[in-house]
Amino acid sequence: MKSLQPTSIVLSLLFLICEKSLHVNAFVSPDISSNNLKHETTSSSLFMSLQEPPQPQPTQKKSQSQQAPLKRLSLRRYLNNVVQADPSYRDLESLSLSIQMACKTISRLVNRAGINSLSTPPSFNTEEDRDQALIQYDYRMNSMKRLDQLSTIVLRNALRFTGKLQSVKKAKDNLDDELMSDGLNQDLDFKVEEHEPGVLIASTLDSKYVAVFDPLDGSGNADAAICTGTVFGIYEQTEEAEQENKEDNDDEGLDGIDNVVLGGGDGMDDLFPSIQERENLVDAVLQPGKKLVAAGYCLYSSSTILVFTLGNGTHGFTLDPQINEFVLTHPNIKIPPRGNVYSCNEANSEGWADDVKAYLHALKSGENETKSRYALRYVGSLVGDIHRTLMYGGIFFYPGDAERYPNGNLQLVYKSSPLSYVIEQAGGMSTNGKVGLLDVKPEHVHVRSPCFIGSPEDINEMKKYIQHEE
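Count the sequence shown with mature numbering (1 follows the signal peptide of the UniProt record, and there is no 0) and you get residues -26 to -1, 1 to 444, in order.
Please note that the accuracy of each hint is not assured.
Unchecked claim - Once the Cα atoms are required to be at most 20 Å apart in a straight line, the calculated SDA-like pairs of lysine to any residue come out as: (1) K415 / P380; (2) K331 / H420; (3) K182 / V56; (4) K438 / R347; (5) K331 / S276; (6) K338 / N319; (7) K78 / T292; (8) K415 / L260; (9) K415 / N319; (10) K78 / S62; (11) K331 / P311; (12) K78 / T303; (13) K345 / N383; (14) K415 / R134; (15) K437 / E343; (16) K264 / V409; (17) K308 / V421; (18) K437 / L284; (19) K438 / L284; (20) K265 / D65; (21) K264 / T292; (22) K331 / R347; (23) K437 / N381; (24) K78 / N298; (25) K45 / L384; (26) K265 / L284; (27) K265 / K437; (28) K265 / K438; (29) K437 / S339; (30) K182 / Y63; (31) K437 / V409.
If you are wondering where the hints come from, they were derived from the structure by calculation, not from laboratory data.
Could you put together the complete structure from these sequences and hints?
Printed below as a string of structure tokens:
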């Protein structure tokens, strides 16, 4: 008798085991017998796998979450593409790159403010020293001032680094210039209500562009780790202002100066140009917001996001900490036509006009056009509230307050106008309750104005309550 091969024996045993298993399962449970076909298929597959080599399975397309991460477009590459398409943007590219460089540093500065004791009161050797300091200084003001100073220095140096700019820090209005001309280098008063931010005004050496910056809005929130932000707006100088600046530079020999700081008192080696030149630079930014050619903000929060526009739509770039670069994460942002959130400091509502109160009541009660109640979301950080409004829709407003701020509490030149420009480039709207916010020509640098900014349908509904539109 011919002996069986070992392989044949193994295969025969496996076949018998599988067949026996099917028989037992059918006997033990009638319910399982209905699945005999499934078990037979499994057995046949096992049997065939021992005889035939495995067949290659067709590759399945990976889901989007399984695919390799997409290469993000960096801000530097984005601006380079813009300049290649239109070389006239080259100067704006230089300005934008200096701004993003400063924002990276300010982001680190804010994140480490508590660790580096930048946002906490200084220590004192004796109780006597401490009591004396309490009389003279307001700690919160001191905290704001130190962060403002450092952020101003960072932004100033970033602008100077381009080699194409002269920058001016304007801590007071031109009304105080007589004090400066008398040689009085007065520091900011240590009172919260009199605190003015370290506003920078930067002008290109060829006087083509002039820019205004609020280096760190919301610096008083840093103690509580609440979001802060940098706001900026860039104008093209008028021919008249451009000619005046060139003449003053020629007269004063300032062509080679790339950094001029006004306001002093912050430990920097300040250089003071003529009163006339400073007035010309300040006057150059006293333009309505519709004259802006670029504007934006940088939000320092759970992530650092730079949102800006060059007049061709609003785009958002997020700082990637692994490569320390801003990458495009929100291209061509569009604000929703309507939101379900209102953002305001409702604690001031007692001083608001009756028509504003009526609009607020409609939002809270659901007696508005949508017949649904709006939710209140108010951080108290301007950049944070504006960014949420941009992303989710709704309305942000800071109206005039008869008791505290008759003309509103937000500065038009370096807060409301640039932020309104960003929102309107994303499809939103803005107004001061009478005219479009971007149509208002400021009278001086720190002028304040009521503002209503947000989704177009929300703004249009608000206008029906405030019957002052011209």
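Structure-based check of all given hints:
1. K415 / P380: Holds: K415 and P380 sit about 18 Å apart, inside 20 Å.
2. K331 / H420: violated (27 Å)
3. K182 / V56: Holds, at roughly 19 Å.
4. K438 / R347: holds (18 Å)
5. K331 / S276: violated (34 Å)
6. K338 / N319: holds (14 Å)
7. K78 / T292: holds (11 Å)
8. K415 / L260: The given pair, whose Cα atoms are some 7 Å apart, holds under the 20 Å limit.
9. K415 / N319: Given that 20 Å is the threshold and the Cα spacing comes to 25 Å, the pair is violated.
10. K78 / S62: violated (26 Å)
11. K331 / P311: violated (23 Å)
12. K78 / T303: Answer holds: K78 to T303 is near 17 Å, not above 20 Å.
13. K345 / N383: violated (31 Å)
14. K415 / R134: The hint is violated at about 29 Å.
15. K437 / E343: holds (13 Å)
16. K264 / V409: holds (12 Å)
17. K308 / V421: violated (29 Å)
18. K437 / L284: Violated, at about 28 Å.
19. K438 / L284: violated (32 Å)
20. K265 / D65: holds (17 Å)
21. K264 / T292: Roughly 27 Å between the alpha carbons, so the hint for K264 and T292 is violated.
22. K331 / R347: holds (15 Å)
23. K437 / N381: Holds, at roughly 18 Å.
24. K78 / N298: holds (8 Å)
25. K45 / L384: violated (39 Å)
26. K265 / L284: holds (12 Å)
27. K265 / K437: violated (24 Å)
28. K265 / K438: violated (27 Å)
29. K437 / S339: holds (18 Å)
30. K182 / Y63: holds (12 Å)
31. K437 / V409: holds (10 Å)
Hints 2, 5, 9, 10, 11, 13, 14, 17, 18, 19, 21, 25, 27, 28 from the earlier list are contradicted by this structure; the remaining hints agree with it.
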